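Q: If you read the protein sequences in the order shown, they are chains A, B and C. Just so we're aligned, residue 6 is where the first sequence starts under our numbering, counting upward by one. Just so we're aligned, residue 26 is where the second sequence starts under our numbering, counting upward by one. Just so we're aligned, residue 15 is where the third sequence starts under our numbering, counting upward by one.
If you're looking for bench data, these hints aren't it; they were derived computationally from the structure. A portion of the hints provided could be inaccurate.
Think about it this way: if two alpha-carbon atoms lie no more than 30 Å apart in a straight line, the pair counts; the simulated BS3-like pairs of lysine-lysine are [to be verified]:
| hint | chain 1 | residue 1 | chain 2 | residue 2 |
| --- | --- | --- | --- | --- |
| 1 | A | Lys164 | A | Lys29 |
| 2 | B | Lys190 | C | Lys113 |
| 3 | C | Lys113 | B | Lys114 |
| 4 | A | Lys164 | A | Lys33 |
| 5 | B | Lys107 | C | Lys113 |
| 6 | A | Lys164 | A | Lys380 |
| 7 | A | Lys171 | A | Lys586 |
| 8 | A | Lys380 | A | Lys461 |
| 9 | C | Lys113 | B | Lys49 |
| 10 | A | Lys163 | A | Lys586 |
| 11 | A | Lys553 | A | Lys374 |
| 12 | A | Lys544 | A | Lys424 |
| 13 | B | Lys113 | C | Lys113 |
| 14 | A | Lys32 | A | Lys163 |
| 15 | C | Lys113 | B | Lys157 |
| 16 | A | Lys33 | A | Lys554 |
| 17 | A | Lys544 | A | Lys554 |
| 18 | B | Lys49 | B | Lys114 |
Just a few of them, taken from the derived set where beta-carbon distance is under 10 Å, the chain B residues facing chain A [said to hold, decoys possible]:
| hint | residue |
| --- | --- |
| 19 | Val52 |
| 20 | Ala86 |
| 21 | Ile120 |
| 22 | Ala125 |
This structure is a prediction, so every number in the text was calculated from the model and none was measured. C-beta: ideal position from N, C-alpha, C; glycine also.
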Amino acid sequence: MPIYLLLIPFLPLASFIFTLLFAKRLKKQAHWPPIIAVLISFLCACYAFDQVLHGTHINADLYTWFASAKFKASVGFLLDELTAVMLIVVTSVSSLVHIYSVGYMHDDPGYARFFSYLSLFTFSMLMLVLGNNFLQLYFGWEAVGLSSYLLIGFWYHKKSASDAGKKAFIVNRFGDFGFGLGIIVVFLVFGSVHYDTVFANVHQAVGQTFNFLGIDFDVISLMAILLFCGAVGKSAQIPLHVWLPDAMEGPTPVSALIHAATMVTAGVFLVARCNPIFSLSPAAMNLVTIIGALTCFFAATIALVQVDIKRVIAYSTVSQLAYMFIGCGVGAYGAGIFHLYTHAYFKALLFLGAGSVIHAMGDEQDIRKMGGLKKYLPVTYFTFLIASLSISGIPPFAGFFSKDEILAMAFASPVGAGKFAWFVGTVVAGMTAFYSFRLIFLTFHGEFRGTEEQKKHLHESPPTMTIPLTLLALGALAAGWVGVPEVLGGENGWAHFLAPVVGHPDVHLSHFTEWALMTISVAAGLTGIYLAYVMYMVKPQIPVELAKKHPKLYDILFNKYYVDEFYNATIVEPTINCGRKVLRGIVDGKIIEGVVNGVPGLIGRFSTLLAGLQNGRVQHYGGVMAVGAFILLWIFMM
Amino acid sequence: MVQLLFFYFALVVIGLGLRIVTAKNPVHCVLLMLVLFFHMAGLYLLLNAEFLAAVQIIVYAGAILVLYLFVLFLVDLREEVKMSPFIKKGKWLGIVGAIALFLTFLRGVMNFSLGPHGQYTIEKIQQMTHTKAMGEAIYTTYILPFEVAGIILLVAVIGGLAMAKREK
Amino acid sequence: MVHLSWYLTVSALLFCIGVFGFLTRRNIIMMLLSIELMLNSVNLNLAAMSHYMEDLRGQVLVFFIIAVAAAEAAIGLGIVVTLFRNHRSVYTEDITTLKG
Numbered sequence: 006m007p008i009y010l011l012l013i014p015f016l017p018l019a020s021f022i023f024t025l026l027f028a029k030r031l032k033k034q035a036h037w038p039p040i041i042a043v044l045i046s047f048l049c050a051c052y053a054f055d056q057v058l059h060g061t062h063i064n065a066d067l068y069t070w071f072a073s074a075k076f077k078a079s080v081g082f083l084l085d086e087l088t089a090v091m092l093i094v095v096t097s098v099s100s101l102v103h104i105y106s107v108g109y110m111h112d113d114p115g116y117a118r119f120f121s122y123l124s125l126f127t128f129s130m131l132m133l134v135l136g137n138n139f140l141q142l143y144f145g146w147e148a149v150g151l152s153s154y155l156l157i158g159f160w161y162h163k164k165s166a167s168d169a170g171k172k173a174f175i176v177n178r179f180g181d182f183g184f185g186l187g188i189i190v191v192f193l194v195f196g197s198v199h200y201d202t203v204f205a206n207v208h209q210a211v212g213q214t215f216n217f218l219g220i221d222f223d224v225i226s227l228m229a230i231l232l233f234c235g236a237v238g239k240s241a242q243i244p245l246h247v248w249l250p251d252a253m254e255g256p257t258p259v260s261a262l263i264h265a266a267t268m269v270t271a272g273v274f275l276v277a278r279c280n281p282i283f284s285l286s287p288a289a290m291n292l293v294t295i296i297g298a299l300t301c302f303f304a305a306t307i308a309l310v311q312v313d314i315k316r317v318i319a320y321s322t323v324s325q326l327a328y329m330f331i332g333c334g335v336g337a338y339g340a341g342i343f344h345l346y347t348h349a350y351f352k353a354l355l356f357l358g359a360g361s362v363i364h365a366m367g368d369e370q371d372i373r374k375m376g377g378l379k380k381y382l383p384v385t386y387f388t389f390l391i392a393s394l395s396i397s398g399i400p401p402f403a404g405f406f407s408k409d410e411i412l413a414m415a416f417a418s419p420v421g422a423g424k425f426a427w428f429v430g431t432v433v434a435g436m437t438a439f440y441s442f443r444l445i446f447l448t449f450h451g452e453f454r455g456t457e458e459q460k461k462h463l464h465e466s467p468p469t470m471t472i473p474l475t476l477l478a479l480g481a482l483a484a485g486w487v488g489v490p491e492v493l494g495g496e497n498g499w500a501h502f503l504a505p506v507v508g509h510p511d512v513h514l515s516h517f518t519e520w521a522l523m524t525i526s527v528a529a530g531l532t533g534i535y536l537a538y539v540m541y542m543v544k545p546q547i548p549v550e551l552a553k554k555h556p557k558l559y560d561i562l563f564n565k566y567y568v569d570e571f572y573n574a575t576i577v578e579p580t581i582n583c584g585r586k587v588l589r590g591i592v593d594g595k596i597i598e599g600v601v602n603g604v605p606g607l608i609g610r611f612s613t614l615l616a617g618l619q620n621g622r623v624q625h626y627g628g629v630m631a632v633g634a635f636i637l638l639w640i641f642m643m
Numbered sequence: 026m027v028q029l030l031f032f033y034f035a036l037v038v039i040g041l042g043l044r045i046v047t048a049k050n051p052v053h054c055v056l057l058m059l060v061l062f063f064h065m066a067g068l069y070l071l072l073n074a075e076f077l078a079a080v081q082i083i084v085y086a087g088a089i090l091v092l093y094l095f096v097l098f099l100v101d102l103r104e105e106v107k108m109s110p111f112i113k114k115g116k117w118l119g120i121v122g123a124i125a126l127f128l129t130f131l132r133g134v135m136n137f138s139l140g141p142h143g144q145y146t147i148e149k150i151q152q153m154t155h156t157k158a159m160g161e162a163i164y165t166t167y168i169l170p171f172e173v174a175g176i177i178l179l180v181a182v183i184g185g186l187a188m189a190k191r192e193k
Numbered sequence: 015m016v017h018l019s020w021y022l023t024v025s026a027l028l029f030c031i032g033v034f035g036f037l038t039r040r041n042i043i044m045m046l047l048s049i050e051l052m053l054n055s056v057n058l059n060l061a062a063m064s065h066y067m068e069d070l071r072g073q074v075l076v077f078f079i080i081a082v083a084a085a086e087a088a089i090g091l092g093i094v095v096t097l098f099r100n101h102r103s104v105y106t107e108d109i110t111t112l113k114g
């Protein structure tokens, strides 16, 4: 086990413990241990990537926690192409967010705590992607969930923040329940939870069925669907998407790191890692594609009308994650991971840019109160623009290559829902461009609509914040150039690189079809930008009139299709009532209290009764002795 | 003849016993006890144990009952005879208990069989006088219990003195 | 001929009378007197057994019982006197300090 591989996750762990222990002494210097740790991790990740490029593969157990009969629980590391890519993404975005947070969280009293949590998160995510068995994946999964809870509810004095943290954790639990069941099914079928054993033997499990309540389930599909449940929870797809917009209560660097680039992509990573299982189950592939397509559309429509700058970007994240699932669902796992990689950069950039805006506006997040900020925040504006062009799929920015790859694969895929997904994806590409540029026009262009007080405060962010923005903009621009498809003259190095792990989708597209699809998607993007320009710059009364003409539709979209209210009424309220009335009232109040109070009461009454025997009168005692003697005599005489 | 005497002594003893436990005046009880001890001595005589009869009268009738009479000085006799001699709630329980105990003993007596006989036959005792026989037995085989009994009496003397002292 | 069992019956009856007196009399001195009654019944039992077994052991034991009974009566009555000094009463229902 080479040292560089061990340093990658364990340095952030050490910095978490160190920063937390010495928080009081470090005070405002608390950022140094985490930043040094994560930068060294990044360098080691680059070195690891270089090793993998030269053909190194590592799959070894570091420490066996216990081995009982067939089951072996161990901490192990797997380094292959997929892991290498994820390592680069996680460590690079994490380092930039760490540096950004120095400026953003400068005045916060919980400065050291924030950095220690960031380190904890980095450690958890790295353990997740480096694992060589499902158990470590699950450990990392839960640990990132914990870090997410701690970071979303970072400002725990605010009720909305602590509620959002709880919501994220609990909604994730629903998904994790299915995920856990999936791991159990994997163990039951294959007798091991290590990837190499499972994936090598996956072909033998084809056709096996699992009988549950009289229905025969195909084991491979069952496994895949249960594992996908976890991905739905972690990556905020329908129906477990409700936690991600609320997670915007956390500080913006947290949103950038966790809810854009890394944690939410763990679901996509899971599907890509388990591609041998998924590929053998058409039912699961279709499910993934359909959920991806539906979520894509659903989230994009909501993003059209949101007025909180972070909420728009949050729904955009949900929508883009859905793209990645579409990619994986149609068999193009490499394309899904490609989008994961480019999305990490431009989404983190969008969030950090939004953070810069919020910082300048004195914590104001409503875009209706912004406007014309481009002359006050030029660096922020420029980088934000690059990110938005990337997300809209305009060449030569990174987003174009990855999104186009997914759409082409979806169109040509043999999976049944592929064409449907392609259609939805193209429509949503247009919507994505629309809402992204709506955001830009409302925030950076036009007249400033805020208060005079806020106007005086407007300033560009300090270098600790703008340098990460610039670096990320480079990524948003150039990250896609490793996967230029052949039709445009490139070699698609990306797909070839990942092929040993994720395979190559069995599609054949003629060059003409590819060009046509590319043109359609770019056209959709440009249309979206143009519509946004018209509706928000040229004739700003159009959106107002549209909202007035279709008030019900506007309300549904603005209120996120009332999904939260629905869950509240059907799941949350009944659970709370059950807890209060049944569990606390009857089980705890009457039954357990009855026993706990009743037994001592009974003992008390009984002992009072027995105490009556000792009344201090000798003749009484003598009488008792006589009775005893009498009984003994009878017994002896029997 | 012996039977007649036995029945007389036995009936008197039982009758006196019943009267003793039910009499109101404690002095009457003690005096009745005295008569009872004389009849017990008679029973001992019937059993060829004249030494025991003598000791019984000297010790019990002569010493112990006098002791009881002295202690009865503490009781206010005029109040005593007005009240019931029994405790408030226990009289019937006591009767039932006593009868039950008696029936148990009766059952034991019915199924009783003697062990091996010793060597002091009645003729031998009559010949060497009971006193001498007792002396022989006590001072040879049972010398240790004899000494212990002496110590017990010493303890009683010391105890009596200790208790009777008034706190200064 | 007087049978042994008659002596034993008398002894048992006297003992039970003594038990009854002990359990039911209010006056402590009468309780102690009942104890003397019980001791006498035992003496009778032992003397009768000794006579019919033609062994002196029972009668020797009677001798010692009489001696010990004397000592015990002395001490017991001494205790009654001390009790009277502290509680000013010789009735059992007034002496309940051991209650509880």
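Q: For each hint, tell me whether it holds in the structure or not.
A: Against the structure, the hints:
1. The hinted pair formed by A:Lys164 and A:Lys29 meets the criterion: a straight-line CA distance of about 26 Å does not exceed 30 Å.
2. About 28 Å separates the Cα atoms of B:Lys190 and C:Lys113, which keeps this hinted pair within 30 Å; it holds.
3. A hinted pair counts as satisfied when its Cα atoms are at most 30 Å apart, and C:Lys113 with B:Lys114 qualifies at roughly 17 Å.
4. For the hint pairing A:Lys164 with A:Lys33, the CA-to-CA distance comes to about 26 Å; that is within 30 Å, so the pair holds.
5. A distance of roughly 28 Å separates the Cα atoms of B:Lys107 and C:Lys113; the hinted pair therefore holds under the 30 Å criterion.
6. With a C-alpha separation of about 36 Å, the suggested pair A:Lys164 and A:Lys380 falls outside the 30 Å cut-off, and the hint is violated.
7. For a cut-off of 30 Å, the pair hint linking A:Lys171 to A:Lys586 stands: about 22 Å separates their Cα positions.
8. Restraint check for A:Lys380 and A:Lys461: satisfied, since their Cα atoms lie roughly 13 Å apart, inside the 30 Å limit.
9. Note on C:Lys113 and B:Lys49: the hinted pairing holds, with a Cα-Cα distance of about 28 Å set against a maximum of 30 Å.
10. A C-alpha spacing of about 28 Å is found between A:Lys163 and A:Lys586, which places the hinted pair at or below 30 Å, so the restraint holds.
11. With a CA separation close to 20 Å, the supplied pair A:Lys553 and A:Lys374 stays within the 30 Å bound.
12. With a C-alpha separation of about 36 Å, the suggested pair A:Lys544 and A:Lys424 falls outside the 30 Å cut-off, and the hint is violated.
13. At roughly 18 Å between alpha-carbon atoms, B:Lys113 and C:Lys113 fall within 30 Å of each other, so this suggested pair holds.
14. Annotation: proposed proximity of A:Lys32 to A:Lys163 holds, straight-line Cα distance about 23 Å (limit 30 Å).
15. Proposed proximity of C:Lys113 and B:Lys157 is contradicted: the alpha carbons are some 52 Å apart, above 30 Å.
16. Proximity of A:Lys33 to A:Lys554 is assessed by CA-CA distance (about 53 Å); at most 30 Å being required, the pair is judged violated.
17. Taking the CA atoms of A:Lys544 and A:Lys554, the gap is near 16 Å; set against the 30 Å cutoff, the hint holds.
18. The hinted pair formed by B:Lys49 and B:Lys114 meets the criterion: a straight-line CA distance of about 17 Å does not exceed 30 Å.
19. Restraint check, B:Val52 versus chain A: the minimum CB separation of about 22 Å is more than 10 Å; hint violated.
20. For B:Ala86, the interface hint is violated, the least distance from its beta-carbon to any beta-carbon of chain A being 26 Å, above 10 Å.
21. Of the supplied interface hints, the one on B:Ile120 is violated, with its beta-carbon coming no nearer than about 12 Å to a beta-carbon of chain A, more than 10 Å.
22. Evaluation of the B:Ala125 hint against chain A yields a held restraint, the C-beta minimum of about 6 Å falling below 10 Å.
Violated hints for the displayed structure, listed by number in ascending order: 6, 12, 15, 16, 19, 20 and 21.
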